Amino acid sequence: MILRELCDAIGVSSGEDAVRDLIYTHIRDYVEAVRVDALGNLLAVRRGTGAVDLRVMAAAHMDEVGLIVVGYDSDGLLRFRAVGGIDARILPGTRVLVGPERIPGVVAWAPIHLNSSEDTVSIERLRIDIGVSSRDAAQNAVERGELIAFDSRLVELGPTVRGKALDDRAGCASLIALIQGEPFPFDLHVAFTVQEEVGLRGARVAAQAIKPDVAFVLETTACHDLPEDPDEPDQTTITRLGGGPAITVVDRSMVSDPRLVRFLAQTGEREGIPFQFRSPQHAGGTDAGAIHLTRGGVPSAVVANPCRYLHGPASVMNLSDFENQSRLLRAAWMALTPAVLERD
Amino acid sequence: MEALITKLAEAWGPSGFEHQVRDLIRAEVEPLADEVWVDALGNLICRLGEGPLRVMSAAHMDEIGVIVSHIDRQGFARFSNLGGVLPASLLGARVRFENGTIAPVGVEHQFSKRNEIPRLEGFFLDLPADSGVRPGDPGAFVSEALWQGERVIAKSLDNRLGCAVQIEALRRLREQGTPHTLFFAFTVQEEIGRRGAQTGAFALEPDFGIAIDITPAGDAPKASPSAITLGGGAAIKVRDTRHIVPGWVRDLMIARAEEAGIPYQLDVMMLGATDGASIQLARAGVPTGGISIPARQVHTRSETALRGDIVAAVDLLAAVLANPIERPT
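Chains as they are written, first to last, in my numbering: chain A, 1 to 344; chain B, 1 to 329.
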């Protein structure tokens, strides 16, 4: 299961190497012009049949949110900060792996009998315990600047999977599946990008190099569908698990091209592939936010897997949503022509 | 020009969904420009002349609006903002959708909260039955444009006034001629981050840029600190929060205004920014200025401006574009 391999690999933003190597092994027999660019994006071309003359870019980000070591206490605890958007309230008690040696640790927190209910969690007050008892021992084990990942492996829970880094290894896995399938009518320029979680950085330079006519981003997006409020059944859900892949209309980073939103929705309806619209709450942004503003502008769209408890060690994603992400994009790309982008 | 401003201000075009405004403007500019096209993100570009200097003038077509995020079982819609929607401006407002549906804006606990302004989450759209409106549908505020003496009161004077100013300047320059290659860009998505101007300026590769927009006047009771007055003439941008106009660009605009006796004032804008902020950063950089029209009640359904200031902005833009543009050595 490629998804399991990808999610269990560690690739906190700027340290995506292991994920990139893994993706490369799965796509190398299907692509040409493979290269790793200056920032670390993996770029390649899946040759098409040539029936359609369009420069199409597809992107999924390889990086995951994590932590970074910033210092030591005299008792050997590690100080750290977040890499990407992490809610400090989920951290106390969380198991982590520190640095390239994957040193196991746990996020320290006062035991419950010393804790008062007024305490709020700030990342500055949290520490990581790697089991050493002096600053020297901590310094010998771990360098400042080393990245820290959640210690969590993918497990199956009925129709769902639970794991870290589904955002966006699920998108990477879908893009791999799309590359491994039948060729499309056009050359597909794929970018597995770095540093999305810290500011859409890899995608910006990837798009500048690729110069696409149109771009599709395969993402994983927040889902807040539990608990269900009987009075307001889904007011703040963003997406619903099992409702199909989510098409973004608006987020903080982009207004999706309405022509592409319409085209994707029509494709889903025609092919009987479930989909939903991500509710426009303005929270969140994706690589498309950077891609659509490159050079003279790139009409762009996002198709995302709904995922509960995003940016944590135990995100939950529905497998049929995940499978329908690549089905929807395959059907759409098979039907994509320049006419979709014509204006009235 | 009154009829043009009325038509443009009443048109429907929230950020990212500007096509109806673009169609109206396109009909106006087709007979005037040498070439007209729509670029990848939806900016409408008009070229006039073919001189050696490439000059881009930009006015954004989009207006602030809302987008439906959720419709509950009773049919009430919750929404998110497109651009800087002021919660206080929502009380009693109406929103129109592209399919023609008009929904009044309601607020939770209407009377118990009368001394406070709820956040956006406290408001909802009172949709009629079977409206056809779905989550993801964008809406724009409804407001009739009124002319009263020298004043115009309307929604979306930000920035349909800028669009009208560009159209009138284009009309004049078509007659008078220009020594430059002029690109009038009617841009998309300014209110959500000056996005259309960013890609438009990359594609046009201008040597010189101008942004035409409105600027909030500082002469109403307890207005934000600004020396801009309604009736004080065209506002020549000195700086805003994302753009410091090169001194020679500002001085060139002042010189054109003084030569022609055009009323002007200097605009030191302490809040917000315009398309000029994006244009100046395109490619290797573009010397960029701004001409703005003073307005009150900005980002409400009753934005207010004066005819004399609008005319001054047209006069100044046409004067700048009809004359040589040279950086002093």
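No lab work stands behind these hints: they were computed from the structure.
Please read these numbers as outputs of a predicted model, since none were measured by experiment.
Among the clues, some could well be false.
Unchecked claim - Label-pair distances were calculated between CB atoms; the ranges are: (1) ALA51/A with PRO87/B: 30 to 40 angstroms; (2) PRO246/B with ASP75/A: 50 to 60 angstroms; (3) ARG144/A with PRO52/B: 52 to 62 angstroms; (4) GLU32/A with ASN99/B: 38 to 48 angstroms; (5) THR329/B with THR236/A: 57 to 67 angstroms; (6) PRO221/B with ALA314/A: 34 to 44 angstroms; (7) GLY85/A with ILE244/B: 45 to 55 angstroms; (8) ALA38/A with PRO221/B: 27 to 37 angstroms; (9) ARG144/A with PRO221/B: 53 to 63 angstroms.
Quick reminder that beta carbons are idealized off the backbone N, C-alpha and C, glycines included.
The hint says 57 to 67 angstroms between THR329/B and THR236/A; measuring C-beta to C-beta, is that right? 60 angstroms, holds
At the C-beta level, are ARG144/A and PRO52/B separated by a distance inside 52 to 62 angstroms? 55 angstroms, holds
Between GLY85/A and ILE244/B, is the Cβ distance one that fits in 45 to 55 angstroms? The hint (45 to 55 angstroms, Cβ to Cβ) is violated, given that GLY85/A and ILE244/B are roughly 32 angstroms apart.
For the range 38 to 48 angstroms, tell me whether the beta carbons of GLU32/A and ASN99/B fit it or not. Given about 46 angstroms between the Cβ atoms, the range holds.
Could you tell me whether the CB distance from ALA38/A to PRO221/B stays inside 27 to 37 angstroms? 55 angstroms, violated
30 to 40 angstroms as the expected CB spacing between PRO87/B and ALA51/A, which holds or is violated: 51 angstroms, violated
Hint says 34 to 44 angstroms; check whether the CB-CB distance for PRO221/B and ALA314/A agrees. Between PRO221/B and ALA314/A, where Cβ atoms are some 55 angstroms apart, the hint is violated.
Does the beta carbon distance between ARG144/A and PRO221/B stay inside 53 to 63 angstroms, or does it fall outside? 55 angstroms, holds
Cβ distance range 50 to 60 angstroms for PRO246/B and ASP75/A, holds or violated: Given range 50 to 60 angstroms: holds, Cβ gap about 56 angstroms.
When the structure is compared with the earlier hints, violations turn up for hints 1, 6, 7 and 8 and for no others.
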